[in-house]
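Colleague: Single-letter residue listing:
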Amino acid sequence: MNIHTNRRAFLSGLIVAVALPGLARAQQKSGAAAFFNELPEGSGELSANAFIRIAPDNTVTVLIKHIEFGQGPYTGLTTLVAEEMDADWSQMRAAAAPADVEKYANLAFGMQGTGGSTAMANSFMQMRKAGAGARAMLIAAAAERFGVPADQITIDKGIVSAGGQSATFGELAEAAAQQTAPEDPPVKDPAQFRLIGTDLPKVDSSAKTDGSAQFTLDVYRDGMLTAVVAHPPKFGAKAASFDDSAALQVAGVQKVAQVPTGVAVYADNTYAALKGRDALEIEWDEAEAETRSSDAMIEEWTAAAKAGGKWEITKSGDVEAALEGAEVVEATYVFPYLAHTPMEPLDAVVELRDGEAEVWMGSQMQTGDQGTIAKILGVENVRLHTMLAGGSFGRRATPDSHFAAEAAEVAKANGKGAVKLMWTREDDVQGGYYRPLTVHHMRAALDDQGGIKAWDHGIATQSVIMGTPFEAMLQGGPDSTAFEGANELHYAMANHRLRWAQMESPVPTLWWRSVGHTHTGFAVECFIDELLEKAGKDPIEGRLALMGEDHPRERAVLQRVAEMADQSGDYGYGVAVVKSFGSYVAQIAEIEDRGGIPHVRRVWCAVDCGLAVNPNVVRAQMEGGIGYGLSAALYSEVTLDEGGLIRQRNWDSYRILRLPEMPAIEVAIIASAEAPTGVGEPGTPPIAPAIANAWRRMTGNAYRRLPIIPVA
Amino acid sequence: MTISFTVNGEERSVDVDPDTPLLWVLRDELRLTGTKFGCGIAQCGACTVHLDGSPRRSCVTPVSMVEGSDITTIEGLSGPEAEAVQAAWRAIDVPQCGYCQSGQVMSATALLQQVSSPSDEDIDNAMAGNICRCATYVRIRQAIHDAARTLEG
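Those protein sequence lines, which keep their order, are chains S and A. The first sequence begins at 1 in the numbering used here and counts up one residue at a time. The second sequence begins at 1001 in the numbering used here and counts up one residue at a time.
None of these hints come from the bench; they were simulated from the model. Wrong hints could be hidden among the right ones.
Residues of chain S clear of chain A, computed beta-carbon distances all greater than 10 Å [stated by the list, open to error]: (1) Thr468; (2) Glu541; (3) Leu659.
Derived DEER-like restraints, expressed as beta-carbon distance ranges [claimed, not checked]: (4) A:Ser1117 <-> S:Ser166: 45 to 51 Å; (5) A:Arg1012 <-> S:Pro233: 38 to 44 Å; (6) S:Gln449 <-> A:Asn1125: 51 to 57 Å; (7) S:Ser653 <-> A:Asp1019: 22 to 28 Å; (8) S:Ala55 <-> A:Thr1006: 34 to 40 Å; (9) S:Glu471 <-> A:Gly1079: 54 to 60 Å; (10) A:Leu1151 <-> S:Arg93: 28 to 34 Å; (11) A:Arg1031 <-> S:Pro186: 46 to 52 Å.
Derived list of chain A stretches under chain S, where covered just means 3 residues or more per stretch with a C-beta under 8 Å from a C-beta of chain S [stated by the list, open to error]: (12) 1023-1036; (13) 1090-1096; (14) 1131-1137.
Virtual Cβ for every residue (Gly too), placed ideally from N, Cα, C.
So here's chain S without its partners, still in its complex pose (with noise of 0.2 Å):
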């Protein structure tokens, strides 16, 4: 893999080029070896990190090395930088930085990309090193141009001054370029913060307020095609032959062609193409294909669950000769698979030239995707432009970069010229990398005092990870996301063992926000609610006994919720606590029975994060991940029937939340001087839990298989 992009362009205008090497190489490397250990690094050449440029017009653009999708880095890191150089907020901009894994590598990662909830934590330092570096170049060419010595040289809300001088950043600029840059800048005491931990205004509302926001279906190029493809209906079925004589006739159908994920219609316009797709007629050889229906899956994976798989995760005491002669508790969880549904389906522009090739795509893997797309058009420099993208949830975030592999498969059938491809919301529904179809099954028994004596957790769910290009990582060790939040408990236990049934099947899975939290929260907080009801304990007070003292975390933010909760109401109350992504979240949700459904009415949310970088945003992702867990655990399922058919198609049939069962949420953040994790996924996981436990307590009835309300 050879990528090369175009740099000229990003040096062109006024740069301040902030030169980390030594950080940056540091963090890289221990980075790298925590996640994606195996995968190329840089081409080792200690580049510049150009993070900041600085115009004549006095904005300070960011350039943001993670995509944005509604989590916030464009605001949050952007703060970092503005903070560190005294900037004001109401001249900092934010964009997307290229993909350059050189200069933009995912501390966490080592290459390009966001997911796990990183971009915060990863960038923290980087930034604010990056922020200062630029402050410390001002400050120099400040002090040349007073004839004052640097250290009578301050800056306040981006106005640099000494005496009764001052100058502007955009005044400085050009003489700041001229500076050496720091080899390693200091940053400021937590103490001094102006502006992180405070509510700043996004910088991104207005354009996605009027509608001037630039997405990837947006971009239009001269000349350009709109493709889409005819998927099979089956997941591992493949074009046999196909007709697509009806198709040219459409008017605007300018081109048909097979690619190796199904047939692609090229036409003048959107409508067009569907229309041409619509009319093609296709043989499907399905002999490879997923034949099972769902139900038949849950029973094999129930069975497999139960039997415990080839992988034990955790094993502390003897669990078999604890819940021997004891009363046993069982229960089984089955979770459907899970379609993203980000409101924009998956699109990217190609732009292919002599030798080179330009493409726009909401890319989450950056790295990946461009030498993906490099790969398979035989070209060395691919631009790859990260677009503003309508959610994701994990859905761009590919292992296997399959989407921008359609997209070059797509124009590379095309030849020279931009090709537009986009997926519909059915190819959405139907285009698989789903959250795992997963059961759990459990066993515990009690000790006399109430406590956990024994617990046997099975779990039976497909690998994200296995097969993919990042398997490597894994070094021969099983894939934690498959489990993770089911290892390592909060809750104390005298005999604990976890086992992984790896399953098989054609249907490809992906990590779905929050990955195997989303169902592990899920099993552990209803089974331990169970527990603690069969031994008469309230469930806060029964789980603070449990996490002991070891949990301070877990602990502040359960105690946090319950103050913060007012259960007085005449409705069901249930709490769960999980943490994920480094970052701890406890929920109590108020539900209410309505005619045998549950109707969530109120959730009270307690986080630590960490340092707060911005507090509306932290509080906006607790929201949103609440309604995301709550479209889960109320509706949404994707369904094979028997003979492999997938049953939803659409939102009609893929049901999701929708605003007046939005419940009233308030989140409080616990304060905190520890280094920011992550919150674009840990609002999500304890929410599914706490209805649950609310309505058992309520009727008797425990919710053990999701969604509650099947729709189709």
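We have chain S; now place chain A onto it with these hints.
Modeller: This is chain A only, laid out in the frame that chain S set:
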């Protein structure tokens, strides 16, 4: 077939397949990209425009039906209700990914044009057809109430 209508106060004529949904005419032909595609079957409201003053899902509206009509898209939205809605949206940072928000703003503006001081139930009824996958619903509701208060002065 040539079809003529008014978009954001301008007379426009397009020569397209008359079955073409208005959404794709706005986007592909007129390059008014603020109106979004989300589902194609009037389930999500991302494509909401005002057709002769009422909210309409442009993804299921054949362009042949809008001959002679007056269409407003997010790009041409104006007036006191629209300004109040957009100001309220910005003030509490409603958008997350932002993709659905054109449609949300169009529906919310139409609501306030009809009902100056909507109740929660009015908001439920008017906004249930607009999906936000980021679930910014709490803030959408609040922003509509805020905008109504602004309009009351």
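Colleague: Do the beta carbons of Ala55 of chain S and Thr1006 of chain A sit within 34 to 40 Å of each other?
Modeller: 39 Å, holds
Colleague: Range first: 51 to 57 Å. Now tell me if the beta carbons of Gln449 of chain S and Asn1125 of chain A are that far apart.
Modeller: With Cβ atoms ~53 Å apart, the hint holds.
Colleague: Can you take a look at whether the segment 1090-1096 of chain A is actually covered by chain S? Rule is 3+ residues, C-beta closer than 8 Å.
Modeller: Coverage by chain S holds for the segment 1090-1096 of chain A (5 residues, Cβ < 8 Å).
Colleague: Classify the label on Leu659 of chain S as holds or violated, using whether its beta-carbon is more than 10 Å from each beta-carbon of chain A.
Modeller: 4 Å, violated
Colleague: The hint says 28 to 34 Å between Leu1151 of chain A and Arg93 of chain S; measuring C-beta to C-beta, is that right?
Modeller: Hint holds: Cβ distance 31 Å, inside 28 to 34 Å.
Colleague: Would you say the C-beta atoms of Glu471 of chain S and Gly1079 of chain A sit inside 54 to 60 Å of each other?
Modeller: Holds, at about 56 Å.
Colleague: Do the Cβ positions of Ser1117 of chain A and Ser166 of chain S conform to the proposed distance bound of 45 to 51 Å?
Modeller: 49 Å, holds
Colleague: Return holds or violated for the Cβ distance of Ser653 of chain S and Asp1019 of chain A against the range 22 to 28 Å.
Modeller: The hinted range 22 to 28 Å holds for Ser653 of chain S and Asp1019 of chain A, with Cβ atoms some 24 Å apart.
Colleague: Does 46 to 52 Å hold as the CB distance between Arg1031 of chain A and Pro186 of chain S, or does it fail?
Modeller: For Pro186 of chain S against Arg1031 of chain A, whose Cβ atoms are near 49 Å apart, the range 46 to 52 Å holds.
Colleague: Using Cβ atoms and 10 Å as the threshold, tell me whether Glu541 of chain S really stays out of contact range of chain A.
Modeller: 30 Å, holds
Colleague: Does the Cβ distance between Arg1012 of chain A and Pro233 of chain S fall inside 38 to 44 Å?
Modeller: Given about 39 Å between the Cβ atoms, the range holds.
Colleague: Run the C-beta distances from Thr468 of chain S to all of chain A and say if the shortest one exceeds 10 Å.
Modeller: 25 Å, holds
In this structure, only the earlier hint numbered 3 is contradicted, and the remaining ones agree with it.
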